[in-house]
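Number of protein chains: 2
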Amino acid sequence: MEQTYKNAGVDIRAGEETVKKIKGFAKSTFNENVLSDLGLFGGFFELKKDNYSEPVLVSSVDGVGTKLKVAIAMELHSTIGQDLVNHCVNDIAVCGAKPLFFLDYLAFGKLNPETASSIVEGFSIACKQNGCALIGGETAEMPGVYQKDDYDLSGTIVGVVEKKEVIDGKKIAKGDVLIGFQSNGLHTNGYSLARKVLENFSFEQKFDELELSLGNELLRVHKSYLNLISHLKKDVEIHGLSHITGGGIIGNTKRIIPEGLSLKINWDAWKVPNLFKLIQKTGNISDEEMREVFNIGIGLIAVVSKSEIDKVIETAKTLGETAILLGEVI
Amino acid sequence: MEQTYKNAGVDIRAGEETVKKIKGFAKSTFNENVLSDLGLFGGFFELKKDNYSEPVLVSSVDGVGTKLKVAIAMELHSTIGQDLVNHCVNDIAVCGAKPLFFLDYLAFGKLNPETASSIVEGFSIACKQNGCALIGGETAEMPGVYQKDDYDLSGTIVGVVEKKEVIDGKKIAKGDVLIGFQSNGLHTNGYSLARKVLENFSFEQKFDELELSLGNELLRVHKSYLNLISHLKKDVEIHGLSHITGGGIIGNTKRIIPEGLSLKINWDAWKVPNLFKLIQKTGNISDEEMREVFNIGIGLIAVVSKSEIDKVIETAKTLGETAILLGEVI
Chain A
3 MEQTYKNAGV DIRAGEETVK KIKGFAKSTF NENVLSDLGL FGGFFELKKD
53 NYSEPVLVSS VDGVGTKLKV AIAMELHSTI GQDLVNHCVN DIAVCGAKPL
103 FFLDYLAFGK LNPETASSIV EGFSIACKQN GCALIGGETA EMPGVYQKDD
153 YDLSGTIVGV VEKKEVIDGK KIAKGDVLIG FQSNGLHTNG YSLARKVLEN
203 FSFEQKFDEL ELSLGNELLR VHKSYLNLIS HLKKDVEIHG LSHITGGGII
253 GNTKRIIPEG LSLKINWDAW KVPNLFKLIQ KTGNISDEEM REVFNIGIGL
303 IAVVSKSEID KVIETAKTLG ETAILLGEVI
Chain B
3 MEQTYKNAGV DIRAGEETVK KIKGFAKSTF NENVLSDLGL FGGFFELKKD
53 NYSEPVLVSS VDGVGTKLKV AIAMELHSTI GQDLVNHCVN DIAVCGAKPL
103 FFLDYLAFGK LNPETASSIV EGFSIACKQN GCALIGGETA EMPGVYQKDD
153 YDLSGTIVGV VEKKEVIDGK KIAKGDVLIG FQSNGLHTNG YSLARKVLEN
203 FSFEQKFDEL ELSLGNELLR VHKSYLNLIS HLKKDVEIHG LSHITGGGII
253 GNTKRIIPEG LSLKINWDAW KVPNLFKLIQ KTGNISDEEM REVFNIGIGL
303 IAVVSKSEID KVIETAKTLG ETAILLGEVI
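Chains as they are written, first to last, in the numbering used here: chain A, 3 to 332; chain B, 3 to 332.
Chain A extracted, bound-state conformation:
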């Protein structure tokens, strides 16, 4: 029998159709610094050097973990791309950087142009919200690696910060305080545990203590803290910022704490949101495990000296955010 790429599971035409569908989404994110059209081998982004004195490029790569299994099960692919962009944006924003551009990798068992298009639309929405350009991507069809309707996605963001404005925790000192800001759900961490614990419920199920259906609660879009961080940088002397992802409050904040210092957290300083409580109760999960796996309600932590507390509270308030004093550096 004559063999073709298509009967080996790779449909070049579906690939071309996908590229056509997603080009518009990517282009909608372009700004005057993007020099290339899509379809070339690389994406071109001009760094106007006169705008910087000592530019440092800050980059980060991430995925969304098994949150995508929830998206796939619910056939809702429009927000998972936003999750990924916001996750990446937060990771460089906590370093003090402003995002410049984003590139995505999408791999399917069987490439579905509609699904791919929904996901990429999500990338473009979040890219525009965060002022960054979607300048490249790779869409792969990989039969045998992914189940037919399964896919995975990863994204890389590149941003820029002035060397003297890098936030890396080096200024953190004993006595500094930790101020937390609320997450709006699981963000993109802990889904393998959450899904396991909740496997006997339907995603359509409603709970008295949750606003949306279980599935929609789980799919709430990972919040971008870029705007909040931009304001905090202007108003406050920030010693460190921590994005609470896998590893939880301690695991992530420890990444920026200088050697010899440690963290004291007041775990009662905020109300753990009901979704986390539901997961904990259903799975009979220990407090310790919950704190390591999930953000349990805190998505961002700023480390500042005590004298800055009021300014942080004030800035947060003007943005509709609540600043929660949740611990100190010891």
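Hints are supplied without guarantee of correctness; some may be wrong.
A pair holds if it fits inside one copy or across any two, identical chains being indistinguishable in the list.
To be verified - The calculated EDC-like cross-link candidates involving lysine to aspartate or glutamate, where the alpha carbons are at most 20 Å apart (straight line), are: (1) K50 with E167; (2) K25 with E261; (3) K165 with D210; (4) K279 with E4; (5) K273 with E211; (6) K71 with E201; (7) K173 with E77; (8) K198 with E291; (9) K319 with E56; (10) K256 with E19; (11) K112 with D152; (12) K8 with E291; (13) K51 with E164.
Keep in mind the hints are simulated off the structure, nothing from the lab. A quick note: this is a predicted structure, and the numbers were derived from the prediction, not measured.
Chain B: place on chain A using the hints.
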């Protein structure tokens, strides 16, 4: 029963062990522009602006397709990372850019620190060979998305080129010639078809017409053309460069050909390597399909005016490469 992340299939300790193992590999690629240690939220790369007049960042993201199924089947994980880096490097080198830094994404069904470490060692080897720093990565454990021993990987590279030295095909004119340079195997494309066609052979099988066993032929590391391209840029006026990946010689070279122009290829200008012939014969694959799916022996194409041919041949020769005149722009 008390649930934990670990019994949900995510082993945070295996993650930590992996990070420990791979830190050294990443660090071995660092240069004076890398300002961060691993473990922060982002990777920091200083762009010394005085070294550039109008810097354009060129980036590309890629995977290795189902070549990794061969690596997994053969339990040889040390070269797949090199494939990925070299693929990415070529994609920006054909735009005229020099690589600065690379970030990887690795996702496993069940995280195996040994395997992850082998893969990342591969990244670091190729990063050093291409003079770029491995400044970030994400390693994810995603039970239920990937089979236990399966994984996927993607990588993003960022490089830089002076605006006036960007190679984007705009100078290509009617009468220009296409000069091809040899690939050293399938590189990273067409593996789903190759695997399907060859599924009745063992990867250990030897063929008279192949130097190595079938599996080792399939795993030959995607060649980096960075050095060749750097020399060509110095010696020759290049109108366009094309990296031959999925889509083949025509599909990829068309990406840089200005509208209204077309390609005429002399398909007899070079000898198609035996591995491709074996695949074609075994699978009864049409010439047309072979040319669209595989590089069939040509990994890089330079488009130059006729007057530059001798210089290209000469430069290639000094590097031990053969320049093959394989077509023209019509």
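Within a copy, between copies, both or neither: where do K51 and E164 come within 20 Å Cα-Cα?
Both: 11 Å inside a copy, 12 Å across copies.
Cα distance capped at 20 Å. Does K8 pair with E291 within a copy, between copies, both, or neither?
Between copies, since 10 Å is at most 20 Å while 46 Å is not.
With identical chains, the pair K173 and E77 could be close in the same copy or across copies; at 20 Å between alpha carbons, which is it: within, between, both, or neither?
Cα proximity of K173 and E77: none, with 46 Å in one copy and 46 Å across.
Is the C-alpha distance from K25 to E261 at most 20 Å within one copy, between copies, in both cases, or in neither?
between (47 Å within a copy, 18 Å between copies)
Within a copy, between copies, both or neither: where do K279 and E4 come within 20 Å Cα-Cα?
between (57 Å within a copy, 14 Å between copies)
Status of E167 relative to K50 across identical chains (alpha carbons, at most 20 Å)
For K50 and E167, the Cα distance is within 20 Å both inside one copy (18 Å) and across copies (16 Å).
For K273 vs E211, is the C-alpha pair at or below 20 Å within one copy, between two copies, both, or neither?
Within one copy only: 13 Å inside, 70 Å across.
With 20 Å as the alpha-carbon cut-off, assign the pair K256 and E19 to within, between, both or neither.
For K256 and E19, the Cα distance is within 20 Å only across copies (17 Å; inside one copy 46 Å).
I want to check one pair: K319 and E56. Are their C-alpha atoms no more than 20 Å apart within a copy, between two copies, both, or neither?
neither (33 Å within a copy, 41 Å between copies)
Status of E201 relative to K71 across identical chains (alpha carbons, at most 20 Å):
within (12 Å within a copy, 30 Å between copies)
Within, between, both or neither: how does the pair K198, E291 come out at a Cα-Cα threshold of 20 Å?
within (14 Å within a copy, 44 Å between copies)
Checking an output row: K165 and D210, CA cutoff 20 Å. Within, between, both or neither?
Close neither inside one copy (49 Å) nor across copies (59 Å); limit 20 Å.
Hints 3, 7 and 9 from the list above are not met by this structure, while the remaining hints are.
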